[in-house]
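Going line by line, the protein sequences match chains A and B. Position 191 of the first sequence, counted from 1, bears residue number 196 in my numbering, the numbering being contiguous throughout. Position 311 of the second sequence, counted from 1, bears residue number 316 in my numbering, the numbering being contiguous throughout.
By construction, these hints were calculated from the structure, which means they are not laboratory data. Computed from a prediction, not measured in an experiment: that's the story for all the values here. Do not rely on the hints blindly, as some may be mistaken.
On the chain A side, residues computed to face chain B include the following (Cβ under 7 Å) [stated by the list, open to error]:
no., residue
1, Leu18
2, Ala65
3, Lys76
4, Lys161
5, Gly179
6, Arg184
7, Asp193
8, Phe220
9, Gly323
10, Val335
11, Gly342
12, Ser352
13, Ser356
14, Val359
Result set (BS3-like, lysine-lysine): computed pairs, CA atoms no more than 25 Å apart in a straight line [what the hints assert, rightly or not]:
no., chain 1, residue 1, chain 2, residue 2
15, A, Lys102, A, Lys49
16, A, Lys379, B, Lys74
17, A, Lys64, B, Lys379
18, A, Lys49, A, Lys131
19, A, Lys297, B, Lys74
20, B, Lys47, B, Lys64
21, B, Lys297, A, Lys74
22, A, Lys47, B, Lys161
23, A, Lys74, B, Lys161
The beta carbon of each residue, even a glycine, is placed where N, CA and C say it ideally should be.
2 protein chains.
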Amino acid sequence: MAGRSADWLAHLLGVQGVGGSNPPAPTSLGQKSIKKAYYMRKIKVGIIGFGTIGAAVAKALMSRRQFLKEKSGLDISVVKICDKELRKKRPVKVPRKVLTGSISRVLYDPEIDIVVELMGGLIPAKDVVLEALRQGKHVVTANKALLSDSGSDIFKLANALDLCVGFEASVGGGIPIIRALKEGFVADRIDLVYGIINGTSNFILSKMAEEKLAFKDALALAQANGYAERDPRLDISGGDSCHKLSILALLGFGIAVKPDEIYTEGITGIEPSDIQFAREYGYAIKLLAIAKRSGRSVELRVHPTLIPHKHLLSDVSGVYNAIFVKGDLVGENLFYGRGAGGEPTSSAVVSDIVSIAKNMSDDYKSADYVTFRKDVDRVKKIEDVSMKYYLRFSAVDKPGVLAKISGILAKYSISIASVNQVQRKASSIVPVIIMTHEARERDMRAALKEIDRLSVIKKKTVRIRVEG
Amino acid sequence: MAGRSADWLAHLLGVQGVGGSNPPAPTSLGQKSIKKAYYMRKIKVGIIGFGTIGAAVAKALMSRRQFLKEKSGLDISVVKICDKELRKKRPVKVPRKVLTGSISRVLYDPEIDIVVELMGGLIPAKDVVLEALRQGKHVVTANKALLSDSGSDIFKLANALDLCVGFEASVGGGIPIIRALKEGFVADRIDLVYGIINGTSNFILSKMAEEKLAFKDALALAQANGYAERDPRLDISGGDSCHKLSILALLGFGIAVKPDEIYTEGITGIEPSDIQFAREYGYAIKLLAIAKRSGRSVELRVHPTLIPHKHLLSDVSGVYNAIFVKGDLVGENLFYGRGAGGEPTSSAVVSDIVSIAKNMSDDYKSADYVTFRKDVDRVKKIEDVSMKYYLRFSAVDKPGVLAKISGILAKYSISIASVNQVQRKASSIVPVIIMTHEARERDMRAALKEIDRLSVIKKKTVRIRVEG
Chain A
6 MAGRSADWLA
16 HLLGVQGVGG
26 SNPPAPTSLG
36 QKSIKKAYYM
46 RKIKVGIIGF
56 GTIGAAVAKA
66 LMSRRQFLKE
76 KSGLDISVVK
86 ICDKELRKKR
96 PVKVPRKVLT
106 GSISRVLYDP
116 EIDIVVELMG
126 GLIPAKDVVL
136 EALRQGKHVV
146 TANKALLSDS
156 GSDIFKLANA
166 LDLCVGFEAS
176 VGGGIPIIRA
186 LKEGFVADRI
196 DLVYGIINGT
206 SNFILSKMAE
216 EKLAFKDALA
226 LAQANGYAER
236 DPRLDISGGD
246 SCHKLSILAL
256 LGFGIAVKPD
266 EIYTEGITGI
276 EPSDIQFARE
286 YGYAIKLLAI
296 AKRSGRSVEL
306 RVHPTLIPHK
316 HLLSDVSGVY
326 NAIFVKGDLV
336 GENLFYGRGA
346 GGEPTSSAVV
356 SDIVSIAKNM
366 SDDYKSADYV
376 TFRKDVDRVK
386 KIEDVSMKYY
396 LRFSAVDKPG
406 VLAKISGILA
416 KYSISIASVN
426 QVQRKASSIV
436 PVIIMTHEAR
446 ERDMRAALKE
456 IDRLSVIKKK
466 TVRIRVEG
Chain B
6 MAGRSADWLA
16 HLLGVQGVGG
26 SNPPAPTSLG
36 QKSIKKAYYM
46 RKIKVGIIGF
56 GTIGAAVAKA
66 LMSRRQFLKE
76 KSGLDISVVK
86 ICDKELRKKR
96 PVKVPRKVLT
106 GSISRVLYDP
116 EIDIVVELMG
126 GLIPAKDVVL
136 EALRQGKHVV
146 TANKALLSDS
156 GSDIFKLANA
166 LDLCVGFEAS
176 VGGGIPIIRA
186 LKEGFVADRI
196 DLVYGIINGT
206 SNFILSKMAE
216 EKLAFKDALA
226 LAQANGYAER
236 DPRLDISGGD
246 SCHKLSILAL
256 LGFGIAVKPD
266 EIYTEGITGI
276 EPSDIQFARE
286 YGYAIKLLAI
296 AKRSGRSVEL
306 RVHPTLIPHK
316 HLLSDVSGVY
326 NAIFVKGDLV
336 GENLFYGRGA
346 GGEPTSSAVV
356 SDIVSIAKNM
366 SDDYKSADYV
376 TFRKDVDRVK
386 KIEDVSMKYY
396 LRFSAVDKPG
406 VLAKISGILA
416 KYSISIASVN
426 QVQRKASSIV
436 PVIIMTHEAR
446 ERDMRAALKE
456 IDRLSVIKKK
466 TVRIRVEG
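Please take these sequences and the hints and turn them into a complete structure.
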């Protein structure tokens, strides 16, 4: 510890230097504690994965090393960056000796305190994370697919070894939603978590609504803007939202839920006409991820959803994310921000590094555990969930059709909130829009199966769930 | 450490018991670390101030002691509650031996780890907090007036003694905004923090807008609902927002700003007619607290503000709070929730207790410092700030008035965005509404002084700033 650095840190903290003539107010804790405040901790980080996010993290850590010293009293340096492609041009310049093509050079470097996993995917990311922990290193990851698939294995090993796994970047980019659920609302029994947690889908739905684009054109626009991958399936299928929801459910309810236990429906079936009809009824269509507790069970679902224009979520457009959390003490809270992109995600990754580093010391490792506590006993089957629905029937234009449809709905105890038979066009098939009151998914499925078999119904009925 | 509690904690953490036959994967850290995970830390809390918030905190800690054990691995107990009035009925039942009328019984109780100050005000709260720190105790407080007045003294002493001061509850009730600024956005250079941070004022303005109430009737309604104090001055004068803004500025920019360095204007001068005119122009009127950095200087101001209806803040009504934070990496984030009330505030207080307790141990105290680092050199004088304005002139109804007004505005380089001379009524005085482009406050003040001296102007001109 250099004298200069100690004095300077003392200055930031607003306290006198160790050798100063004017010590702080007398205290029973005495000089021992006072000296501690002066120790500038040196933290060494190894990054695995040097893509968009890896490069943004490296850039943030390297270009603001001094700034981070001032803000946190920590000297954080990047000592290794590992990637398969070492010759590719990156938006950040790093010393050659930092780069390596070998993951082992990071995992087994005794100097490294924190391993940042930014490779994505399950293989070999899972083994990399587990081995980093076994080597006594803390881990920071943005990998939602990995955490939703193998979160229990990872967190349980970390807990057993008194190590931390930071994953603020795994949900909502730079939005500090993980911290909020894990720490901010620790006193709360969580009743509800829901929101827009996939920027790609939200961008596509926003463009379909604002510019009346067809799905495929909106998708192409998202790709052209870098908001969708070349293979966009994980985003538009709802899979990415599903991964994130399982992470939110772990924090909110203490349960490990595998992705396949979460009902997931993407946005590929949304047509511009449904967006227009919904708007006429006062609703926007958004891809929502929903976790709703009732007693000892919880609903977990991802699907396109009609939400009223007066609801704050309906104004969230483009690649923004927004998440509502309702706790029994804190009430309803909303978090809103950019849900993806290198810089916002790097903000979250660095925040994890700093939080972990602050709690590290040579003599004591204070791990911030993720606990498995089961605030709920079971995930409700989607068939047992009750929701309101928007239904669009493609019916032939003749009398008696509505009577048939409503007769079948009634048979399954589905009660109608409103009906709208859209103005006749040249076509002989007309859209009939029905908004229902709350009905059970199981009943709705059975009713639609029966209705779609009617000779007067010409296409599969469109069914979108309604919230709010 | 009882065996049962250790096993049960091991279960929550998902690891094997100490005596189990199946230890976790082999590791270089070995059994020493593994044993640590089993230690259920016992934390003793003393609460000073047993009002609405004190009672809510006591209730939360006592009624969910087991739940908090499961979520945090901490056994937190309330060992003392101090208040002047011990006989008053409270919404929570506490053992008689816990209650005390003497602050010393809390401050000098060697058993107590964390002192929760919920008395409010400066005297004796400041001495209580400083003495608690001198006694080696961590402090949690919801006292914004105290932190804005004496934050430097308090944080500097805490830093010197390696102790924590938790103050999540001081801004935005249960909204985890302090955590977000201090930890979540630690990597970011903060450009902008602004929002609605006084629920009382927002409730009053919302009622004036929605139900066309006069200020004094809306205030009476707020009081009847328990949303305003019997003496509402601190809230409606903007003083409370000013205190909170100084706390946000400390976290956002590392500077200690006294309340009197923040330009503060309350809502007492807002008339229903201005709310109506603003609405016709597409704006809502909200009391905003604004911290805006440009280079090495920062604007800090609290005043009623016109914000466009399309802006998310315009939809924030009633006692809700909402805060935007813009960081250079993370972009724009919004936090929204209940800004006051016993339960939301207790959620924040308990979250601070848990966070502090997690980082405590017998051999090491990891303090989470508030640093004084001066990301900016100075607070801009309000006179030097440029803003857009809404102006309402009370003019006599005769030709040439507008020419006179606009002539003076032009003289001070204030350019007009739009003019609206409201329809003539029976009265001979008509409102003339002018929206300006950006102009310097100094110029605006000089122009209005000159205009208000004109014989055709019959009342002091109403001037409200515009953002967004």
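Quick rundown of the hints versus the structure:
With 7 Å as the threshold, the beta carbon of A/Leu18 comes within range of chain B, its nearest partner Cβ sitting at about 4 Å, so the hint holds. A distance limit of 7 Å between C-beta atoms decides the matter here; for A/Ala65 the minimum to chain B is near 5 Å, and the interface restraint holds. With a least beta-carbon distance of about 6 Å to chain B, the hint placing A/Lys76 at the interface is held under the 7 Å criterion. With a cut of 7 Å, the hint placing A/Lys161 at the interface with chain B holds, because the nearest CB-to-CB distance is about 4 Å.
The criterion of a C-beta within 7 Å of any C-beta in chain B is met by A/Gly179, whose closest approach is roughly 4 Å, and the hint holds. A cut of 7 Å between beta carbons decides the hint on A/Arg184: the least distance to chain B is about 6 Å, and the hint holds. Using the Cβ-Cβ criterion of 7 Å, the hint placing A/Asp193 at the interface with chain B is satisfied: the shortest such distance is roughly 6 Å. Taking 7 Å as the C-beta contact cut-off toward chain B, the hint placing A/Phe220 at the interface is violated, the least distance being around 26 Å.
Here the hint on A/Gly323 is broken, as its CB sits about 11 Å from the closest CB of chain B, past 7 Å. Checking A/Val335 against chain B: minimum C-beta separation of about 4 Å stays under 7 Å; hint holds. For A/Gly342, the suggested interface contact is upheld, since its CB lies about 4 Å from the closest CB of chain B, less than 7 Å. The interface hint given for A/Ser352 holds, since its Cβ lies 4 Å from the closest Cβ of chain B, which is under the 7 Å cut-off.
Interface restraint check for A/Ser356: the shortest CB-CB distance to chain B comes to about 5 Å, inside 7 Å, so the restraint holds. Because the beta carbon of A/Val359 sits about 5 Å from the nearest beta carbon in chain B, less than 7 Å, this interface hint is met. Proximity of A/Lys102 to A/Lys49 is assessed by CA-CA distance (about 15 Å); at most 25 Å being required, the pair is judged to hold. A C-alpha spacing of about 13 Å is found between A/Lys379 and B/Lys74, which places the hinted pair at or below 25 Å, so the restraint holds.
Distance restraint check for A/Lys64 and B/Lys379: the Cα-Cα separation of roughly 23 Å lies within the 25 Å cut-off, and the hinted pair is therefore satisfied. Pair hint A/Lys49 plus A/Lys131 holds up; C-alpha atoms about 22 Å apart against a cutoff of 25 Å. Our distance criterion of 25 Å between C-alpha atoms is met by A/Lys297 and B/Lys74, whose separation comes to about 23 Å. Note on B/Lys47 and B/Lys64: the hinted pairing holds, with a Cα-Cα distance of about 18 Å set against a maximum of 25 Å.
Of the supplied pair hints, the one linking B/Lys297 and A/Lys74 holds, its CA atoms being roughly 23 Å apart against a limit of 25 Å. For the hint linking A/Lys47 to B/Lys161, the alpha-carbon distance of about 23 Å falls within 25 Å, and the restraint holds. Note on A/Lys74 and B/Lys161: the hinted pairing holds, with a Cα-Cα distance of about 17 Å set against a maximum of 25 Å.
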